[in-house]
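Chemist: The sequence shown begins at 546 in our numbering and counts up by one.
Hints are computed from structural coordinates only; laboratory data are not their basis. Since the structure is predicted, the reported quantities are computational estimates derived from the model, not experimental observations. Watch out, some of these pointers could steer you wrong.
The calculated DSSO-like cross-link candidates involving lysine-lysine, where the alpha carbons are at most 27 Å apart (straight line), are [said to hold, decoys possible]:
#, residue 1, residue 2
1, Lys563, Lys590
2, Lys647, Lys660
3, Lys647, Lys661
Pairwise CB distance ranges, derived in the manner of DEER restraints [stated by the list, open to error]:
#, residue 1, residue 2, range
4, Lys590, Lys661, 47 to 57 Å
5, Asp577, Gln654, 40 to 50 Å
6, Asp664, Ile550, 43 to 53 Å
The beta carbon of each residue, even a glycine, is placed where N, CA and C say it ideally should be.
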Amino acid sequence: MSANINTIFSQNFTNLLKNRFKTLADFSKETDTAYSTVSDWKNGKKLPRAGGLQMIANYFDTDIPYLITDHTTTKSEEPLTEIKNNNCLQFEGQRMTPDETKYMTTQLQMFRLYKKNNDKDPENNDNPDK
546 MSANINTIFS QNFTNLLKNR FKTLADFSKE TDTAYSTVSD WKNGKKLPRA
596 GGLQMIANYF DTDIPYLITD HTTTKSEEPL TEIKNNNCLQ FEGQRMTPDE
646 TKYMTTQLQM FRLYKKNNDK DPENNDNPDK
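Whenever a hint applies, use it, and build me the whole structure from the sequences.
Modeler: Okay, structure coming up:
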């Protein structure tokens, strides 16, 4: 049985706060939203109206579908082969562009291939104990 929309939003809102190192008080103050309202959202008691969802999406630099989509199921089962739509990736305080994330994906693939090849071939391994 899938979670209801209030629970899904609550989990996503809580994770966004945690990932941005924000407290409910921070969010409440910075968005001029009553603390009791924010607390009800976090605890799954209430769901923000459309305007509230958009304000939250803007605050966290994401979109409304992300806020109300269950991210706890199939995503962890998929192998990560490309960095996509990750609003958390930043470098020097700026959100990474799609070109930068594509470049980082390529670099990670090359690094993993390098590690895989070196781990298999003791002649190429830098570990003197082997």
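Chemist: Compare the structure with each hint and give your call.
Modeler: Hint check results:
1. Our distance criterion of 27 Å between C-alpha atoms is met by Lys563 and Lys590, whose separation comes to about 19 Å.
2. Taken as a hint, the Lys647 and Lys660 pair is honoured in the structure, with Cα atoms around 20 Å apart against an allowance of 27 Å.
3. Using a Cα cut-off of 27 Å, the hinted pair Lys647 and Lys661 holds, with the two alpha carbons roughly 21 Å apart.
4. Taken as a hint, the range 47 to 57 Å holds for the pair Lys590 and Lys661, whose Cβ atoms sit roughly 49 Å apart.
5. Roughly 44 Å separates the CB atoms of Asp577 and Gln654, a value that falls within the hinted 40 to 50 Å.
6. Between Asp664 and Ile550 the Cβ separation comes to about 45 Å, which falls inside the hinted range of 43 to 53 Å.
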